[in-house]
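Peer 1: Chains as they are written, first to last, in our numbering: chain A, 1 to 266; chain B, 1001 to 1266.
No lab work stands behind these hints, which were simulated from the structure alone. There could be a bad hint or two in this list.
Said to hold, decoys possible - Some chain B residues judged to face chain A by a derived CB distance under 10 Å, without partners named: (1) 1039; (2) 1043; (3) 1047; (4) 1049; (5) 1088; (6) 1089; (7) 1142; (8) 1144; (9) 1147; (10) 1155; (11) 1165; (12) 1166; (13) 1242; (14) 1245; (15) 1247.
As the list claims (entries may be wrong) - To list a few chain A residues with every Cβ distance to chain B over 10 Å, as calculated: (16) 3; (17) 4; (18) 6; (19) 66; (20) 86; (21) 108; (22) 129; (23) 140; (24) 147; (25) 151; (26) 165; (27) 229; (28) 235; (29) 252.
Said to hold, decoys possible - Keeping only pairs whose Cα atoms sit at most 27 Å apart, straight-line, the calculated DSS-like set for lysine-lysine is: (30) A:161 - B:1161; (31) A:161 - A:193; (32) B:1193 - B:1161; (33) A:193 - B:1161; (34) A:161 - B:1193.
All C-beta atoms in this analysis are idealised placements derived from N, C-alpha and C, irrespective of residue type, glycine included.
2 protein chains.
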Amino acid sequence: MADPSGGIGIFDSGVGGLTVYRQITARLPQESVVYLGDTARVPYGTKSPETVVRYARACARLLIARDIKLLVVACNTASAFAMQALQEELAIPVVGVVEPGARAAAAATRSGVVGVIGTAGTVSSGAYPRALAAIAPPVRVVQRACPLFVPLAEEGWTAGKVPEAVATRYLEGMLDEGIDTLVLGCTHYPLLKPVIAQVAGPAVQLVDSAEETAVAVARVIAERALGNPGSPATTRFLVSDTPESFRRSGQAFLDRELDPVEWVDF
Amino acid sequence: MADPSGGIGIFDSGVGGLTVYRQITARLPQESVVYLGDTARVPYGTKSPETVVRYARACARLLIARDIKLLVVACNTASAFAMQALQEELAIPVVGVVEPGARAAAAATRSGVVGVIGTAGTVSSGAYPRALAAIAPPVRVVQRACPLFVPLAEEGWTAGKVPEAVATRYLEGMLDEGIDTLVLGCTHYPLLKPVIAQVAGPAVQLVDSAEETAVAVARVIAERALGNPGSPATTRFLVSDTPESFRRSGQAFLDRELDPVEWVDF
Chain A
1 MADPSGGIGI
11 FDSGVGGLTV
21 YRQITARLPQ
31 ESVVYLGDTA
41 RVPYGTKSPE
51 TVVRYARACA
61 RLLIARDIKL
71 LVVACNTASA
81 FAMQALQEEL
91 AIPVVGVVEP
101 GARAAAAATR
111 SGVVGVIGTA
121 GTVSSGAYPR
131 ALAAIAPPVR
141 VVQRACPLFV
151 PLAEEGWTAG
161 KVPEAVATRY
171 LEGMLDEGID
181 TLVLGCTHYP
191 LLKPVIAQVA
201 GPAVQLVDSA
211 EETAVAVARV
221 IAERALGNPG
231 SPATTRFLVS
241 DTPESFRRSG
251 QAFLDRELDP
261 VEWVDF
Chain B
1001 MADPSGGIGI
1011 FDSGVGGLTV
1021 YRQITARLPQ
1031 ESVVYLGDTA
1041 RVPYGTKSPE
1051 TVVRYARACA
1061 RLLIARDIKL
1071 LVVACNTASA
1081 FAMQALQEEL
1091 AIPVVGVVEP
1101 GARAAAAATR
1111 SGVVGVIGTA
1121 GTVSSGAYPR
1131 ALAAIAPPVR
1141 VVQRACPLFV
1151 PLAEEGWTAG
1161 KVPEAVATRY
1171 LEGMLDEGID
1181 TLVLGCTHYP
1191 LLKPVIAQVA
1201 GPAVQLVDSA
1211 EETAVAVARV
1221 IAERALGNPG
1231 SPATTRFLVS
1241 DTPESFRRSG
1251 QAFLDRELDP
1261 VEWVDF
């Protein structure tokens, strides 16, 4: 069972989940965190459900061996495919990013037409339409997989001609459908928020699930009396590829140095 | 030791190595081939040398258990980082794609300035400059990592505004340096050949190492008397992620159906 003095475990396929990490530590500064980026096998978004579930289980196992009290699946693709398996199999609470993102979108839309962009895996899973149907039945969902957004963000091409052309090609069909809310259904996409906002126009509100996920984590901790009883809050970063590139690209997400970063083989 | 009745083992991080597979089977139709695409861990081009070497060793082990007589490292990044380790550790001959590509470029250049494009890993390894220095000392090499080319090819955006803008941004600096030969140092890039050729202009000759690699394989087989003594030639495709997406995207490389494709866990 979960021990309140344990940390919050967060995993993502790479650095993208740091957007979720940042919101969680801002909201719960007294909690220790173990963040795992599966950088040797990144990305998850192009892989099959079977492979993503297998990797998600391996990430969860590794974090549980580090005595976490709650698991956050900070990757949309892993949340889309593996939430049910993890919630059934683990003895600690599990929070994903899809349900909080869907809730934020349902609260934001006025037109009742919500756009969702994400990886090929997230979109094909239908996880967002299912989650939105469970919250607000009359919402209509328009989805689009945007496989080039992750490499664009990782290349650092977040402004200018290329990202504008890519965003236009991905979004124009969705805009024609009358969306007024757009879920950034991948933790990398907040890095492209300015160009996505520019192409989408001022009438479309962008929803990033990181903040809403932190709200959900805080709620679960309160409800289950899992708040840290007083141990000093620590942060550990674990990665499956070498730490250097994670340290470097992680800075773009956190605007500060990441340390220590430990290499784990699993 | 290598047994002539065994097949040729080819591995790549995914489907890209099929460009090499195609050249090998065209040149050596009497030989059996086992092709392994490590689609669960693709891409290699963004990973560290340590991780790429680890994956390359695992691929080699799996193929050797299938009784291959010769190993082709059809991935530029794996060739760049793991050739030495594989050649030292394996009892069968190993052929990579970097040395054949370098040889083709050295033969093609008139100006003595050769451009090399590839993944971040291939470029940072310095494998092409080293190989070119060993063949033709006076050649000057200009390199550029092009991380967006692989996702563009996989998205199927091989013509139009976006790939043109991306190719222009990657290549303009190299063209200013006076290259007259450009090595497509990643097995995915031949899919973007038309747009790369258009941006590079008619004065620049594109070199794709697949054909030259097949020449090298045929030479090694002849030199070591490893030609198939008469068993029927077979083809097997192995993948570490589920077969469906490999089958689908493999068709873009081979213009025919891929069958059978077997899922292997390693």
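Peer 1: Out of the numbered hints, which ones does the structure contradict?
Peer 2: Structure breaks hints 5, 6, 7, 8, 15, 24, 25, 26.
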